[in-house]
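Fit chain B to the known structure of chain A by using the hints.
Going down the list, the protein sequences come from chains A and B.
Residues 1 to 41 (the working numbering) make up the first sequence, in order.
Residues 1 to 368 (the working numbering) make up the second sequence, in order.
Everything labelled a hint here was simulated from the structure, so no lab data went into it.
Since the structure is predicted, the reported quantities are computational estimates derived from the model, not experimental observations.
Note that beta-carbon positions come from the ideal geometry of N, C-alpha and C, so glycine has one too.
It is possible that some hints are incorrect.
[What the hints assert, rightly or not] Residues from chain A shown here face chain B by an in silico Cβ test under 8 Å; the list is partial:
(1) L12
(2) V13
(3) V19
(4) L21
(5) L23
(6) N26
(7) A27
(8) P28
(9) T30
Now for the letters of each chain:
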Amino acid sequence: MKAMIDRFIYALVVVLALVALWLVFNAPATFLNARAVYQGF
Amino acid sequence: MMRPAFSSTKQAAAFAFLMLVVLLSPVLAGKKFLPPREEVYTSLGWNGGPYPWIYNQIFEETNDIDIAFIGSSRILHGIDTPYVQAKLSAELGRPAVVRTFAWGGPGFDVLYFITRDLLAHRKVRMLVFYDENPAGNARNAQMPAWFRFGEGSGLLSGLPCREQCIFYFAAIIGMPRNLLDLVRTNLLAPLISDPNYWEQHYGSASIVKFLGTICAELGFNHDLGVHFTDFTPFSPRTPVTPADTEIYSPAGSNDFEFGTEPLPAWQAHFAGVVANLARTNGCKMVMLNIPVLADAPEMVIRERTFWPRIFPGDFWLIGVPPAKLFGGLTDQELHWLFINSGHFNKNGMKYFTPLITPALLQIYEGHD
Numbered sequence: 001m002k003a004m005i006d007r008f009i010y011a012l013v014v015v016l017a018l019v020a021l022w023l024v025f026n027a028p029a030t031f032l033n034a035r036a037v038y039q040g041f
Numbered sequence: 001m002m003r004p005a006f007s008s009t010k011q012a013a014a015f016a017f018l019m020l021v022v023l024l025s026p027v028l029a030g031k032k033f034l035p036p037r038e039e040v041y042t043s044l045g046w047n048g049g050p051y052p053w054i055y056n057q058i059f060e061e062t063n064d065i066d067i068a069f070i071g072s073s074r075i076l077h078g079i080d081t082p083y084v085q086a087k088l089s090a091e092l093g094r095p096a097v098v099r100t101f102a103w104g105g106p107g108f109d110v111l112y113f114i115t116r117d118l119l120a121h122r123k124v125r126m127l128v129f130y131d132e133n134p135a136g137n138a139r140n141a142q143m144p145a146w147f148r149f150g151e152g153s154g155l156l157s158g159l160p161c162r163e164q165c166i167f168y169f170a171a172i173i174g175m176p177r178n179l180l181d182l183v184r185t186n187l188l189a190p191l192i193s194d195p196n197y198w199e200q201h202y203g204s205a206s207i208v209k210f211l212g213t214i215c216a217e218l219g220f221n222h223d224l225g226v227h228f229t230d231f232t233p234f235s236p237r238t239p240v241t242p243a244d245t246e247i248y249s250p251a252g253s254n255d256f257e258f259g260t261e262p263l264p265a266w267q268a269h270f271a272g273v274v275a276n277l278a279r280t281n282g283c284k285m286v287m288l289n290i291p292v293l294a295d296a297p298e299m300v301i302r303e304r305t306f307w308p309r310i311f312p313g314d315f316w317l318i319g320v321p322p323a324k325l326f327g328g329l330t331d332q333e334l335h336w337l338f339i340n341s342g343h344f345n346k347n348g349m350k351y352f353t354p355l356i357t358p359a360l361l362q363i364y365e366g367h368d
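So here's chain A without its partners, still in its complex pose:
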């Protein structure tokens, strides 16, 4: 059981990381320019 939970958690980490990476690479570069996005912060 514990091994299954461990596998699930690691799989979840991988899936979430892939989703995050896809969102980042799908976004226009201007959104990743922190100075432009957060000017006046």
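For chain B alone, coordinates are given in the frame of chain A:
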């Protein structure tokens, strides 16, 4: 041997939880955990656009607006707003209210968000805008501020999934700022103080005095940096008159020529929602063709698409054939009208505005 990324499953679970919270933050925050909409404007300050002026006009002023020029930089540099206001006042026999709401970075999406805020707070009779066409399909860097998922994700329905993900990602990026604005409000940038970025960079008198417009007293800049040449005051003497301004009509003959390439999905989508917004608020919509330097030899008024299909109803499309507008000017004189390849300076603005104003007044008055 490589060190494992996590020293225990608990640590991996904590990381997964953190990732989930970050990725779901726009959904978790909903509308309840978003600061008031005005915080978007106060968070931006003077740098990405003259937002303190726009804030003042949307959230502090309350009277009705006769004509609002709204859009990105070519509106910002192209319209002598006080001139239009004076002409409309004379025509109506009462003080008219004409304002410009303009910023840096084109896109029908930003146009939608600012128009929505404007129409939520002030009655506007006529909106004048232009083709928000970002070069290379670029996006406005401030989208993480403008798009807030909790305010209605239904806005995105109909967009391709990949496009929806771009806006969702923008909402994630904007979330730390929104949460900060929720716990403390932004300080208001002074409306009139030392010259702000726009006045300094473009050598303009106060944006407030010009009712939202930049009146750049600078010469042509060849590299889009800060290397402007000296300003040469110049009033072109050409045969063009206001009668050369054309209002598109499917029945009449005119010089408009429409492209057939489909607009990118997000641009068509947001142009459509702007049209709906204007219709539900009873605004007339006028799309103005503002020429750039490269248009000068064109005999026709070129538009990217057939706009009347996207903006049905109370919609007018106006422009001056560039070859008439700039006819007889030498290359040197032409450059005296612009600060760069896409934007008028004071000379260009003062030359262009009186030519299109009678058509605008005709539309304003003629079709109530």
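How the hints compare with the structure:
no., hint, result
1, L12, "holds (5 Å)"
2, V13, "holds (5 Å)"
3, V19, "holds (6 Å)"
4, L21, "violated (11 Å)"
5, L23, "holds (4 Å)"
6, N26, "holds (6 Å)"
7, A27, "holds (5 Å)"
8, P28, "holds (4 Å)"
9, T30, "holds (4 Å)"
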